[in-house]
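> Those protein sequences? They're chains H and X, same order as listed.
According to numbering that gives the first Met the number 0, the first sequence is numbered sequentially starting from 0.
According to numbering that gives the first Met the number 0, the second sequence is numbered sequentially starting from 0.
It should be emphasised that the hints constitute simulated quantities derived from the structure, not laboratory data.
Keep in mind it's a predicted model, so treat the numbers as computed, not measured.
Since no wrong hints were added, every one of them can be taken at face value.
DSSO-like cross-link-like pairs, simulated, lysine-lysine; straight-line CA separation at most 27 Å: (1) H:178 / H:112; (2) H:112 / H:185; (3) H:16 / X:197; (4) H:353 / H:330; (5) H:105 / X:197; (6) H:112 / H:179.
As a plain string of letters, each chain reads:
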Amino acid sequence: MAEIRLERISKTYAGGKAPAARDVSLAVADGEFMVLLGPSGCGKTTLLRMLAGLEYPDTGRITIGDREVTDLPPRQREIAMVFQSYAVFPHMTVFDNVAFGLRMRKQPADQIKPRVERAAELLQLEPYLGRYPSQLSGGQRQRVAVARAIVMEPSVLLMDEPLSNLDALLRLQFRAELKKLVQDIKTTTVYVTHDQVEALSLGDRIAVMRQGEIVQVAEPMVVYDRPTTEFVGSFIGNPPMNFLRGSVSRDNGHARVTIGSEALTAPTALAEAVGDNVLVGIRAENIEARAEAPSGGANGAGHALAGETVVVEPLGSHLLITAAIGGQQLKVVTRTDFPTGPGRPIWLYPEEDKIRWLRPDTGAAVQV
Amino acid sequence: MQRQVALERDTALDAPAPPARGRRTVLTPYYLLAPTLLFLAVFFAWPMFQALILAVQDNGRFSLGPLQRMADDVLFWEAIRNTILLTLIVVPAQVVLALIMSLLLVSGLRGAGLFLYAWAIPLGISDLAAGVVWLSIFNDRGYLNSALAGLGLGQTGFSFLSYEHPVSMFLAVAVAETWRATALVMVILLAGLQVIPKDYAEAAEVFGATTWQRIRHVTLPMLRPSLQVALIIRTILAFQAFAVVVALVGRNLPVMAEEAYRWYGDLRNPSVAAAWALLIMVFSLVNTVIYLRALRVRDEQLA
Chain H
0 MAEIRLERIS
10 KTYAGGKAPA
20 ARDVSLAVAD
30 GEFMVLLGPS
40 GCGKTTLLRM
50 LAGLEYPDTG
60 RITIGDREVT
70 DLPPRQREIA
80 MVFQSYAVFP
90 HMTVFDNVAF
100 GLRMRKQPAD
110 QIKPRVERAA
120 ELLQLEPYLG
130 RYPSQLSGGQ
140 RQRVAVARAI
150 VMEPSVLLMD
160 EPLSNLDALL
170 RLQFRAELKK
180 LVQDIKTTTV
190 YVTHDQVEAL
200 SLGDRIAVMR
210 QGEIVQVAEP
220 MVVYDRPTTE
230 FVGSFIGNPP
240 MNFLRGSVSR
250 DNGHARVTIG
260 SEALTAPTAL
270 AEAVGDNVLV
280 GIRAENIEAR
290 AEAPSGGANG
300 AGHALAGETV
310 VVEPLGSHLL
320 ITAAIGGQQL
330 KVVTRTDFPT
340 GPGRPIWLYP
350 EEDKIRWLRP
360 DTGAAVQV
Chain X
0 MQRQVALERD
10 TALDAPAPPA
20 RGRRTVLTPY
30 YLLAPTLLFL
40 AVFFAWPMFQ
50 ALILAVQDNG
60 RFSLGPLQRM
70 ADDVLFWEAI
80 RNTILLTLIV
90 VPAQVVLALI
100 MSLLLVSGLR
110 GAGLFLYAWA
120 IPLGISDLAA
130 GVVWLSIFND
140 RGYLNSALAG
150 LGLGQTGFSF
160 LSYEHPVSMF
170 LAVAVAETWR
180 ATALVMVILL
190 AGLQVIPKDY
200 AEAAEVFGAT
210 TWQRIRHVTL
220 PMLRPSLQVA
230 LIIRTILAFQ
240 AFAVVVALVG
250 RNLPVMAEEA
260 YRWYGDLRNP
270 SVAAAWALLI
280 MVFSLVNTVI
290 YLRALRVRDE
300 QLA
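Isolated chain H, as found in the complex (with noise of 0.2 Å):
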């Protein structure tokens, strides 16, 4: 076990127009599970590649442990990993492709096999020890190149997308799986994955990545209530967060936002941090819908939008609702019993304490 240093990482590949990682600095503690998401070219497996051996960055440290393995060969950085393609070995047996790296090491063969037996069991592997890779299915695969891993008692565990290539049910049973194993074996684990529901479900934290920089490190709830920037709200959660493009205006003493012809509170800070307009986020599960017009004229109108239904799509657990307001759509979750359709008028009330307020040019959060 060890924790790991990446200190100011760059790296750009050959022939490469982009870089794949730019000046990205992490650091994960020991036996913490860190998820690297991103949209596909983002630089996550880059990053993790590097931590790897299999590919050098072009400037920068990488330290695991209190040891620099920046320039070391991946042998000598006492990590495991479990690949996207499993690349369990066709050619030997589920034992012999489990007791690989031991075998590399030159452990003494009575040792190999309880170590091997113990993993195979971990992973539900036993019956088949003696099975080649062609004769499992692809879940046995993986638990056979995850068992592969941990047999090794590695300093640092690296996965990379490991769930991808399953099938949707065996990959939600094996998530599960995955999250009791590594939080049992206690290693520091860099998980790779561009599907935000399984960085959400398996991160002890989460490293959001985009154009090769990390854009937030923070607790799965805190990524998803509290993204720093558009492109977080939007990548993680389904539906992605709504932005609503709004005028800030002061108004005795308060701010306010004007949506359209509609208007929320905001705080009073909130027009020194940002020039006229401002970005709205707000999640669909952080709105509340109501069907019938706020009485009460005026105070009781608080901050409610009025705008009108456009679909309403059953979800079986909710309702999933597009709603415009001035011209700009967005979408509420409701229970399945809410009373609606296309074109019919909602009030929608957002919790204040939820609202995420950003910059329209950079669409970095403004703290206020």
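Knowing the structure of chain H, use the given hints to seat chain X on it.
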């Protein structure tokens, strides 16, 4: 008729893959195979059959005479011994060299592509031309002797190809043969290496394998099908070694294919020549069976 059409539609909807759509579809693969089969029949099966007939007849009657005459010849055992010895030296040397070359080519070293073209040159040169090139190197006044003289090692020139120096003569032939056909093995192995996904090599590295361990435990086992093909083709060709030998040392080093040629041309006895051809074929067959068994890849071990 109507009824049948309706039925067919129904099955088409139910069954996931309905391939049988009449005679035409069933026969298509055979039409496609026909040209190849015709070619093989005319240019391979028929001559082979003729050679067999030729080898067991004397003046139009069935006879084991030609086989007897072949076996009784003074050069019979020498030709066989030379051919086998040449094969035993050349084929392993070629496989090792070709393996090193193809591993270097896939290692991603700078300029590897250039080496591929340079190493493939012998593929484009005829056997005889290759033999002549090596003759200009190894003969009494050849490049090798000039180079040795230039280095101050023996001013007189050494007759590498003379029957008085059987070892150097044999080695010169082996070197020329190796040079000529290593590229063929390399191309086969390179193709095999290129289809092995890079992930396996990376997994081996991550799990602690040194370069040698990776080649020994991962690359070579996964390359086995290609090695098998390369060995079979190369060994069969080695049994047929002819033009390079003739160009370099002529009759000083009798080999099997050369004997067939001698009996057919100089001694005007097509029957004994056919007997030699048959013997070469038997060698090739036996050898192929051995390779197929020794390097067999079990189905479950394929990726």
